[in-house]
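Protein chains in written order, with my numbering: chain W, 876 to 1373; chain P, 876 to 1373; chain B, 4 to 180; chain D, 4 to 180.
None of these hints come from the bench; they were simulated from the model. Backbone N, C-alpha and C define an ideal beta-carbon position, used for all residues, glycine too. Don't take every hint at face value.
[Claimed, not checked] Example chain P residues on the side facing chain B (calculated, C-beta under 10 Å, incomplete): (1) 916; (2) 943; (3) 1244.
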Amino acid sequence: MLVANRGEIAARVIRGARELGIRTIAVFSEADRTSPHVLHADEAYAIGPAPASESYLAVDKLLDVARRAGAVAVHPGYGFLSERGDFAEAVEQAGMTFVGPPAAAIRAMGDKTEARRRMRAAGVPVVPGTDSPLASSQEAEEAACEAGFPVVLKASAGGGGKGMRVVRTANEVGDAFAAAAREAQAAFGDASIYVERFLERPRHIEVQVFADRRGNVVHLFERECSIQRRHQKLLEEAPSPLLGPGERERIGEAAVRAARAVEYVGAGTVEFLYHGGEFFFLEMNTRLQVEHPVTEMITGADLVEWQFRVASGEPLPLRQEEVPLHGHAIECRITSESPFEGFLPATGVVRELTLPGGPGVRWDGGIAVGAEIGLHYDPLLGKLVAHGRDRAAAVRRMIGALAELRIGGVSTSAPLLARVLDEPDFLAGRLSTSYLDDHAELFEDDLSESRRDALLVAAALLEHRRRRERRVRRITREARPFAAWRRSLLFGTAPATP
Amino acid sequence: MLVANRGEIAARVIRGARELGIRTIAVFSEADRTSPHVLHADEAYAIGPAPASESYLAVDKLLDVARRAGAVAVHPGYGFLSERGDFAEAVEQAGMTFVGPPAAAIRAMGDKTEARRRMRAAGVPVVPGTDSPLASSQEAEEAACEAGFPVVLKASAGGGGKGMRVVRTANEVGDAFAAAAREAQAAFGDASIYVERFLERPRHIEVQVFADRRGNVVHLFERECSIQRRHQKLLEEAPSPLLGPGERERIGEAAVRAARAVEYVGAGTVEFLYHGGEFFFLEMNTRLQVEHPVTEMITGADLVEWQFRVASGEPLPLRQEEVPLHGHAIECRITSESPFEGFLPATGVVRELTLPGGPGVRWDGGIAVGAEIGLHYDPLLGKLVAHGRDRAAAVRRMIGALAELRIGGVSTSAPLLARVLDEPDFLAGRLSTSYLDDHAELFEDDLSESRRDALLVAAALLEHRRRRERRVRRITREARPFAAWRRSLLFGTAPATP
Amino acid sequence: MTGGETRYAVALSGKQHEVVIGPGDAVTVDGRRYEASLASAGAAAGHSLLMNGASHDLLARHAGPGAWEIEADGRAFAVEVLDERAAAVRRLSGAAKGPRSVPSLKAPMPGLVVRITVAPGETVAAGDRVAIIEAMKMENELRAAADACVAKVLVSPGQAVEKDQVLVEFANQAAAP
Amino acid sequence: MTGGETRYAVALSGKQHEVVIGPGDAVTVDGRRYEASLASAGAAAGHSLLMNGASHDLLARHAGPGAWEIEADGRAFAVEVLDERAAAVRRLSGAAKGPRSVPSLKAPMPGLVVRITVAPGETVAAGDRVAIIEAMKMENELRAAADACVAKVLVSPGQAVEKDQVLVEFANQAAAP
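Given only the sequences and the hints, what does the whole structure look like? Please build it.
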């Protein structure tokens, strides 16, 4: 089985396959020669230089490696080629199994405007907006006025926040349309943009669905992913802290309906915006999601294992009423960003990596000591997941795990997440996708006196020792006559008397 | 709360306390100044030099730190002072809570011959042997003949295999008695020895029990710990792979009876030998056990949390019928030993530490990069635990996790354990405490051709590069005239022409 | 020597504190007295600091003469340590607040210039957008840190830039006529 | 140079193999040809070796001239690499099998001598107990590796010994009269 991906998700898929006795084949760009997924796979092959367009997105190279290595299946992970219908098709045409949904389902959901049409037809609630890509900024402005401001411009081929812009007045539409189209072109190779009403302070709630090739579809409950920055999720949890059992059932059923509407097979996520007691279909991600571990922790299901079983034609292992729900799980995305400097991408070499342990703590990582964090790929370094009896227990466990996590050499999102986990609105479950904008105090400096004194003392002691050591070295050197002599000879002055 | 311990168990207890919002106080010997338990605790205090007798066993120092730091409770971990009734008493007399059973229960079970008497009285099956310590090797020989050979000599104050000797003929008794007494004296400060019939190839099955201060006692199922070397457990699992539901219930009930017989409170483990369909009480460990994580993984219970709740007077969180049993869990003890060189203790500095991750994998460690592994303490570096849907799934997951685990700088038990997990008798559940003796093939060299070629190629490439680099350095040096000149002046020969 | 006291002026976030090291393990910060023990822990920069028992897990990196970068809870802080003499000199020369901010906009990370939204001679207010840089597939807006007048634009759209490369030079409002 | 071939004699577990490096990424082991790529991975000794795609995660340590200690699956192997000339010299001098075993019993780890169960002049058979060393609170029995005659006992009970310290010297049976 070839894993057409890198980083933590490639490592995750390799683990899942290995446990089923499947031979694993990794691919790597020049930047990833010694990444964990290369070390852990049975085999690994180079596929080109660091830029994804010349390696992880190079379909021909991937298929060539798959054929040469004798792969019978290809797992796309998430991102990269995972939601490209053409890739799924090419894999199947090469006589291999694509571990994912059929190309038709990918395409139906990949075209966001087409997806909206089909969802509306299937009786899944949808946010007001356009059903077809916009031809010009002119047309965008008209559509925006019709849907009612504020609106959000989105990439038809998109997902993950790229090519998205919120617009509040008509005269901002032009600039935003151009920027979104540029980003969409760069990220997905498709500049199509559509418009939707923008819901103020909605919650992002998504449902994990799974379908086999025999027409069975189940959901594995929802995930709350409201803690976002610019539509990039930072922290996810399952179940959602404020959904009642009735709502949980309704949103789960809607998600199953959505999957059925496109004859879905495999793992998928139906994303909803939840606003004022209503939920609206946002999009469906036709792949394994970054945040799938929280669902694994509350259900005990191994979603990668399920993917392989479904891909090999097996039925789903559980019926809907058999899916258990135990406790609460939280995931923190540890990204190479400087949250206190406007989330600037951070680069560097990982000098230290100390992972937390103990009960209910899971790390899914894509880095090791010595890894060079560059700008070629997503900033996700790894995911820290904590499970507890209830939400409060999971939060406390995560706070402890974040305190134990030590990544030296590159700034990460961890310190901000630790603050979120201790913030009253978060603890009360008062979440929305505007959470971070609404809590500017999280970004303030607030050293306690004891912590500040610790920094001062550490620096003073380090400087004090450094000076003392330098003095010792100087004295030692002076005691060795040749050292001074040699130096002076070289530089043409008279030898110092020893 | 003061943790009167070190290593992975101190880290484990600190995590548990932290999650309950309890302030944690660590103690450390000079050898442990930068150990994980020191880094993770809220406070940490030095208690003396490396030898345990002058630090972790120094009751006065521990109580002094506890008082100075304002501790209200003391958790003893396992080993060290955890099964010393005097220590439990001293803690309580100092006005603090001892997180463990009452001194009377510790004493009743700590004296192994006394324990045998009480268990027999409570209707718990016991192995034939003496009920009182042996005064001399003479007496030992007589008692041995009475119980019937083979017999095992054991330390009355013992546990964990120290001070134990199996004897098969009468004329070996003398030597074995002397050695066992010496070890018992060194390990427990008490040279008392008793004798028991030695069961051939028994299984070691133990039951986790828990009791609160209100008289409630439950068991959390059994653990199979048959993979041992010289009575030191290497690998534990829960539940036992070959116990039927009826047997599970019977052995659980016997364990609860044992706990009730000594008015037990807190976490305890009742150890049994299982032989030919019968089980015999072996001993009760009146503390949290090294292998408690496998129980946590199949029941979802946090045993350290339970300890704190019980110590603070709360009732047990679950009734017997509410204790769940999910899947199967395995623990590998990663020790600093060279399994292929007769389990010689290994020392060194931890240069690399790469931990496995992903679903169902847990690491409870007591080391970090830079840690110096000496001979002062137990060789346990950490515990790798894997959980799966069933035993086969847990085994496969553990094999993968062991392959990912990389500890550089010190030999460990990991490679032997990886072989055990792949051995047909182990996989079939054909276990006994003689398992390792019966499987000498596990210790043989058996490099596959591809692995052997990899070693040869790696060495050849490394040497090749080293030589090339040296050559480059030499050439570079020769191109810098001063370098040669300086050398020659120093050593009094004529300068080489650049 | 180790029994004596050494006095340092230590600056953190623009504020100066007096730290006295010694005698022995004693350390005083602005008069607050601690028993302190610092030990290297881990592979590279890790350190464990105990202050009156309180355990601090830190990463520390030497960043130049007297300059230390110390990371606590994943956040990096720049700390400057001066001995008494240097601190006195610094006070006299009035430079205690560190180097003056350079009137320019630098690229905060390597990336691709998407757009420069200002032109020489223009006046910008603090918070105004000045440039857009693409990195990691995301567009990042760079904004003016203070009111200023644009003096020079040094890069153009489509150009790849290194971290800290100057994109736009400003003339400070104060310096402008 | 990098395009050429270099031939090495590589010894592992007492057996010698011919390894030819080059041209390019080609490596041949006793005639079996591989494409090989070796890269340093991790903090210290970690290396990733790909051989015809197969991924090997190794730790490697230089242990002296031509000597490498390589760890795979947690097991350490001593590998010796000789160039063609050195291998030829070694063959001629008949020392291909490495250094001859020294007829002595060394402490395998630091510890305390509990007992020496042999005396000078005694004959021991392979597997006979020779000494007991206590380390990590456990008594470890040290046994004779071959039939031999005890020449000298160098330590006594209660004595602390270092790793590799010679405890007992033997005269080989072969050498004995």
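Cross-check of the supplied hints:
Hint status for residue 916/P: holds, given a least beta-carbon distance of 5 Å to chain B, under 10 Å. For residue 943/P, the interface hint holds, the least distance from its beta-carbon to any beta-carbon of chain B being 8 Å, beneath 10 Å. Hint on residue 1244/P holds. Least Cβ distance to chain B is approximately 4 Å, under the 10 Å limit.
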